Structures are given as C-alpha cells and as structure tokens.
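Asks: Could you build the full structure based on these sequences and the hints that come with them?
This note's numbering runs 5 ahead of the 1-based position in the sequence shown.
Please note that a few of the clues may not be correct.
Claimed, not checked - With beta-carbon atoms standing in for the labels, derived distance ranges:
1) Ser145 to Val307: 45 to 51 Å
2) Glu57 to Ala302: 48 to 54 Å
3) Lys301 to Leu202: 34 to 40 Å
4) Gly54 to Lys301: 45 to 51 Å
5) Asp159 to Asp38: 34 to 40 Å
6) Arg363 to His85: 43 to 49 Å
7) Trp232 to Lys360: 45 to 51 Å
8) Arg363 to Lys48: 20 to 26 Å
9) Pro257 to Asn367: 20 to 26 Å
10) Ala302 to Glu251: 20 to 26 Å
11) Lys261 to Lys233: 21 to 27 Å
12) Asp38 to Ser269: 27 to 33 Å
13) Val307 to Gln364: 27 to 33 Å
Treat the hints as calculated values from the structure; they're not laboratory data. Source: prediction; values computed, not measured. Think of the CB as a built atom: it goes at the ideal place given N, C-alpha and C, for glycine as much as any other residue.
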Amino acid sequence: MGKDVVKKKPAAKTVKSLQTKASVSSATAPTTDKPFDIDTFIKHLGGLGPGEADFSWGSGFDGINAVGHVIQTLLPSAQHIFGRRLDEFRQRFAKSPLDPKAVSESTFQAAVRALKKHKPVFFLLENVVGCRKKAKGETSSPLDHYLRVLKGMDGGYDVQAINITGRPLAEKRERVFILGSRCPDLTASDWARKSQLLEEVSKEMPIHALSCKVTPVEALRDEVTSWKADAAYHNEFAALMSKLSEKFKGDPLIVKDMKDRASSKLRAVRHLTPIQKANVDVIEMMATRSAEEARKADSSFVPYILADISQKASFGGITLNKTWTTLTTSTRLLDFQQGEILPATSHLEMLGWNKSWRQSSNLQYWSQSEIYDLTGNSMSLAAVTKVLLPLMKHVTAEGRRSLQA
Numbered sequence: 006m007g008k009d010v011v012k013k014k015p016a017a018k019t020v021k022s023l024q025t026k027a028s029v030s031s032a033t034a035p036t037t038d039k040p041f042d043i044d045t046f047i048k049h050l051g052g053l054g055p056g057e058a059d060f061s062w063g064s065g066f067d068g069i070n071a072v073g074h075v076i077q078t079l080l081p082s083a084q085h086i087f088g089r090r091l092d093e094f095r096q097r098f099a100k101s102p103l104d105p106k107a108v109s110e111s112t113f114q115a116a117v118r119a120l121k122k123h124k125p126v127f128f129l130l131e132n133v134v135g136c137r138k139k140a141k142g143e144t145s146s147p148l149d150h151y152l153r154v155l156k157g158m159d160g161g162y163d164v165q166a167i168n169i170t171g172r173p174l175a176e177k178r179e180r181v182f183i184l185g186s187r188c189p190d191l192t193a194s195d196w197a198r199k200s201q202l203l204e205e206v207s208k209e210m211p212i213h214a215l216s217c218k219v220t221p222v223e224a225l226r227d228e229v230t231s232w233k234a235d236a237a238y239h240n241e242f243a244a245l246m247s248k249l250s251e252k253f254k255g256d257p258l259i260v261k262d263m264k265d266r267a268s269s270k271l272r273a274v275r276h277l278t279p280i281q282k283a284n285v286d287v288i289e290m291m292a293t294r295s296a297e298e299a300r301k302a303d304s305s306f307v308p309y310i311l312a313d314i315s316q317k318a319s320f321g322g323i324t325l326n327k328t329w330t331t332l333t334t335s336t337r338l339l340d341f342q343q344g345e346i347l348p349a350t351s352h353l354e355m356l357g358w359n360k361s362w363r364q365s366s367n368l369q370y371w372s373q374s375e376i377y378d379l380t381g382n383s384m385s386l387a388a389v390t391k392v393l394l395p396l397m398k399h400v401t402a403e404g405r406r407s408l409q410a
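Replies: In structure tokens, the structure reads:
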C-alpha cells in the first residue's frame, strides 16, 4: 500500500500554501445519507418535457463518459456520431498551455477543427478552473485564448464561459464550461444564465455524503522498527512541524505521544513508509484542531474526518463531514474513523455513479489505480446535468428537430 500513495506537489501555484484547517462553515453544511440519483436530481431541477428531437452529438472522452451518460439519460434517442479518447495530460505545468506543442493546446485545436468541419448548432467544451489564470510571463490566460479563437470562427457563434460545481455531490470541484451557440432562440448567454440558475438551486440542496464503505485489506506484517526508519520518520515529522509552526504561532498544535498517533493505531497507516506515516500524523493533528473549532461553532456537530494523504500536510485537504473538494488522479482519502483508505469506488460515488452502475460495469477487471486515475480526470454527473439540461429543454421543445451539438 505504501507504493500506491504517492506524494506530489500541489496541482497549481494558486493552491493556498499551509492549508491547515478545514472550513468550519463547510464542515457543518447540511448533508444527506441518501445516495445520489440522477433521475431524481433532474426532476428537482425542473425535469424535462416529453418532447423528442433528432439530436446527434460528437465528443471527446473524459474517462468515464459523463457527458454521454447524461445525454442518454436526458434524451435516449440521441445519436453519438463520433468521439475520441483524449490523451492523458501530464505536462500542464511543465509547458505553457498556450505553447502550440503543449497537449492542452493541441487538444483544443483538435476541438476547433472538429467544430469547423461539422459546424454544430451548439457546442460545449470543458476545462479546469486553472485555465482562467495567467501563466507567468503570459499576457493572457488560456481561457482568454480559447474564447478569442472560438468567437473568431465562422458561423456567428455566441460564446460564454461559466463555472459549475459538482454540488450536491460529495465532490465540490468547480470546472469551466465554454458554451457555444449559433441558435438565436438559445444564445450562449441565455444558456449560461439558465445553467447558472440551476447551479444556485443545487447549492441549496443537502450534499450527498459519502457512504464511506471500506473493505479492510488483508492483514500485513508490521514493519520491523529500525534505526533508519525511525530517523526518517522523525526527520520528516520535524520538517513538517517546522513548516507549520508559523501558521500556528501562539496556538501550537498538540503533539500526541507516539502510541496515540495515527501511525500507531490506524490499520492502513501502519504499513506505509516512515515518511508517509509522519505526514499522516501531522495531518491528524491538524484535523483534530479543525474538529475542535467546528464543535465550538456547533456543539451538536459530530466530525467525520477524511484527509488526502497523497499531499504533504502543509498542502493537503481535510474535511469533516464525508464530503470532498477536488479529486485528482493521485488523491487517496484516509478515513480516520475506520483506519482505511477509501476505495476507488468511493471516488466514482463522489462523481454521481450509483451503486447499480458500479456493480454492472465490470469494475472487477479494473485495478484500483486505474479507477483512481479515471475519476481524477472525469467530470461529475451533477455538473454536466446542470450544463446540459437547459440545452435539452430547448431542443426537445415542440418544433425544434434535427439539431446537432
């Protein structure tokens, strides 16, 4: 298990350094233990009328085909005319995203070529929120570049970009959706406004908390204590505490005895490397502090601590209520109550894929690492639904047929 948890640098320089405390306000946000159901969610957002349309669509592929699943749920008669699997993107911060040879730019240009060739009535592109940020030395952000190119295409497209979250699902992550339309009856501006209204509706709904079901791994032999391992642990622990000392100046974290730390008590942690153990122990101290603050704000609040142990303690996230912020391909969530790392199927649950789908998708043939990787690159069904529902309501309205998107 030690080699399956890989620490990495934060996804972007914009991530706040020393993110040591879970948000008390988000910790006490209302949640529900009911599983997410996309059909129920669609009804809550106003539903879709009985109309039909000759609707054909083409797409890339986000890993688990979230767009395809939502379209087929909303309009089963829709025809998927083409698609391609996008290459995995590993060089977002190694190259400028505006470099013609960068994977992000070549992928965008492939989408532009498809739009120019097929001239759809509507199009939808998706990207990470980081595309709104200017890279060092750049005069414009990737999103500025994308909008400039898309608005300059022939066809008179109206183009708008909006941020949509995964709420009411357990994963909150925002994504940027670029909406394009050359239909005067549903401009991109109108489409964006309607999707934004659905976003506000979803934020008022209780968050679907994770079920946090784990299957304990087979018992492993305890690591034999050695001077070398002990030294590695304490060196890492001291380094992390030194980095955090300024943050907690005047109100230092309470350091537990070794026998009371997570590395000594939690099943999944006992078999990690010494450096990983030190990281988890510091995360536990920070989580304990956050839980105490949440209880001060609401004495009835019962925390349920989850933390991403793939990140250094000074950057890693902590939540207190069976929800999460942003999944990545490396995310490994430690459930401090059960002492286990949540399985990859929990990441699917966070994105809205229900139990029946998970059981019918031959997941037994996929490794845990493969599923973690897929979910880290995938969109949530809730976010995609909020973006597509206004479009589907439009195309299924009486008299609107034979449309392409």
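Asks: Between Gly54 and Lys301, is the Cβ distance one that fits in 45 to 51 Å?
Replies: 49 Å, holds
Asks: Note whether the CB distance of Asp159 and Asp38 lies within 34 to 40 Å or breaks it.
Replies: Distance hint for Asp159, Asp38 is violated at roughly 51 Å.
Asks: Holds or violated: the 27 to 33 Å window for the beta-carbon distance between Val307 and Gln364?
Replies: Holds, at about 30 Å.
Asks: Assuming the hint says 45 to 51 Å, is it satisfied by the Cβ distance from Ser145 to Val307 or not?
Replies: 47 Å, holds
Asks: Has the hinted range 27 to 33 Å been met by the Cβ atoms of Asp38 and Ser269?
Replies: 31 Å, holds
Asks: Arg363 and Lys48, beta-carbon distance inside 20 to 26 Å?
Replies: 22 Å, holds
Asks: Could you see if the CB distance from Arg363 to His85 stays within 43 to 49 Å?
Replies: Violated: the Cβ-Cβ distance is about 22 Å, outside 43 to 49 Å.
Asks: Does the beta carbon distance between Ala302 and Glu251 stay inside 20 to 26 Å, or does it fall outside?
Replies: The hinted range 20 to 26 Å holds for Ala302 and Glu251, with Cβ atoms some 25 Å apart.
Asks: Measuring from beta carbon to beta carbon, are Pro257 and Asn367 in 20 to 26 Å?
Replies: 50 Å, violated
Asks: Take a look at whether the Cβ-Cβ distance between Glu57 and Ala302 falls inside 48 to 54 Å.
Replies: 50 Å, holds
Asks: Could you say whether the range 34 to 40 Å given as a hint is met by the Cβ separation of Lys301 and Leu202?
Replies: 36 Å Cβ-Cβ, so the 34 to 40 Å window holds.
Asks: Is 21 to 27 Å respected by the C-beta to C-beta distance linking Lys261 and Lys233?
Replies: 23 Å, holds
Hint compliance for this structure: hints 5, 6 and 9 are not met, and every other hint is.
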